[in-house]
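Visitor: Between the sequences and the hints, there should be enough to build the whole structure, so can you do that?
There are 2 protein chains.
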Amino acid sequence: MEDEEGARAIRRPGAGGRAGRPFDHSRDAEILAITLDALAERDYEHVALDAIAVRAGRAKTTLYRRWPTKADLVLAAVHAAGGPPEAEDLPDRGSLRDDLLAVIDSPWLGGPERRLAVFAGLASAARTSPALGDAVRMRMTEPYVALYRALLQRAVDRGEVASELGGKVPLLAEVIPAMSSHRLGASREAVGRAFFVGVVDDVVLPALGLSRVRGE
Amino acid sequence: MEDEEGARAIRRPGAGGRAGRPFDHSRDAEILAITLDALAERDYEHVALDAIAVRAGRAKTTLYRRWPTKADLVLAAVHAAGGPPEAEDLPDRGSLRDDLLAVIDSPWLGGPERRLAVFAGLASAARTSPALGDAVRMRMTEPYVALYRALLQRAVDRGEVASELGGKVPLLAEVIPAMSSHRLGASREAVGRAFFVGVVDDVVLPALGLSRVRGE
Chain Z
275 MEDEEGARAI
285 RRPGAGGRAG
295 RPFDHSRDAE
305 ILAITLDALA
315 ERDYEHVALD
325 AIAVRAGRAK
335 TTLYRRWPTK
345 ADLVLAAVHA
355 AGGPPEAEDL
365 PDRGSLRDDL
375 LAVIDSPWLG
385 GPERRLAVFA
395 GLASAARTSP
405 ALGDAVRMRM
415 TEPYVALYRA
425 LLQRAVDRGE
435 VASELGGKVP
445 LLAEVIPAMS
455 SHRLGASREA
465 VGRAFFVGVV
475 DDVVLPALGL
485 SRVRGE
Chain L
275 MEDEEGARAI
285 RRPGAGGRAG
295 RPFDHSRDAE
305 ILAITLDALA
315 ERDYEHVALD
325 AIAVRAGRAK
335 TTLYRRWPTK
345 ADLVLAAVHA
355 AGGPPEAEDL
365 PDRGSLRDDL
375 LAVIDSPWLG
385 GPERRLAVFA
395 GLASAARTSP
405 ALGDAVRMRM
415 TEPYVALYRA
425 LLQRAVDRGE
435 VASELGGKVP
445 LLAEVIPAMS
455 SHRLGASREA
465 VGRAFFVGVV
475 DDVVLPALGL
485 SRVRGE
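Here the protein sequences come in this chain order: Z and L. So the first sequence is numbered by the working numbering: it starts at 275 and just counts up by one. So the second sequence is numbered by the working numbering: it starts at 275 and just counts up by one.
None of these hints come from the bench; they were simulated from the model. Here a beta-carbon is modelled for each residue, glycine too, at the ideal position from N, C-alpha and C. Please note that a few of the clues may not be correct.
Chain Z is faced by these chain L residues, among others (derived, beta-carbon under 7 Å) [claimed, not checked]:
# : residue
1 : L445
2 : A452
3 : H456
4 : P480
5 : A481
Guide: Below is the structure:
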């Protein structure tokens, strides 16, 4: 809130977006990565544009000129981070468990531990700003669920999962994202890689009649 | 926001909480139920104290005297609504499926459809106010997960679920609450009783080696 008011004060008539030297766009990616780092460390309301400017070695006014509000900066960071891998780009490992663990261990958002920390920060951002909520949902959450849907469907298509269970795919594709956001809602610290592996092994696979139930 | 500022304006020095006639507490329950009705219909930010006063047939200033802010009113409504049933109060139906459906069909918060609508409204309230978030978590979410945990453990204890799967109980107790809040995050309309039954039949029971997998 203070940041946004500060930004408005700086954007006084006559100054506009074109005042001063042209913004050096070559360092956008670095600043946006620093923004995600900040969100991995603390909730959106405690992330300060000033601190990001310091970490990036830029003047605060320079940052405000490019991203007038904290919401603008985080929105740009979400777009720059991109979504999860596409199912087509993930090799078929012949096993649903291996396919799901490959998503968990993918480098998206810096791998499983940092990704969860970023998710927690983005969730706090989404709560504060509906525009950020929409962006997170469209760029991250929905493609993430779609990826699990594609991998589950692949397991049905190759005959690993019984075809009569194909109807469960849309619901089961939500289990991993739902369980992780539920845990993150309780505590940032409670979710690590082992939690995901537990959801895969103890919920998703046995729900599809694969492994682990009855000690198989 | 406007409501809270309005409330502050009314609480000017000298007026205090004791001005005017004593508040008629006999109608608290009705006003708090109307508050939950309002949250079942729209998100917290769109619930207006004025509209609740009109529905309750009370003067707005009377309401503000008892609950100075919208957050105070909703907090009181959360406390008045209470938590889900206690496991000890639910008869052992001898079947995990029947025990879980009994929770879904319990009259808590007005039964499954209204309960979901209230949850959606409370989730929006929790996003706005950390104090409300804590209250919802402590009074509702945590007892709700604890109830599922108790019922799952009961199924292990009576031998319906294999004892070696007992370690999965804490994780599986989160599945129904996690899946419903994930769906509610996408859309208020997308969750009905059938969704819960699907989560029970397609996720929770087969994850415990019970039914439905492979068309049992």
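Visitor: Hint by hint, say whether it matches the structure.
Guide: Structure-based check of each hint:
1. The closest approach between the C-beta of L445(L) and any C-beta of chain Z is roughly 6 Å, which is under the 7 Å cut-off, so the hint is satisfied.
2. Evaluation of the A452(L) hint against chain Z yields a held restraint, the C-beta minimum of about 3 Å falling below 7 Å.
3. At its closest, the beta carbon of H456(L) sits 3 Å from a beta carbon of chain Z; the interface hint therefore holds under the 7 Å criterion.
4. Contact between P480(L) and chain Z, as hinted, is supported at the beta carbon level, the nearest pair being about 5 Å apart and thus within 7 Å.
5. Among the interface hints, the one on A481(L) holds; its C-beta lies about 5 Å from the nearest C-beta in chain Z, closer than the 7 Å criterion.
Checked against the numbered hints above, the structure breaks none of them.
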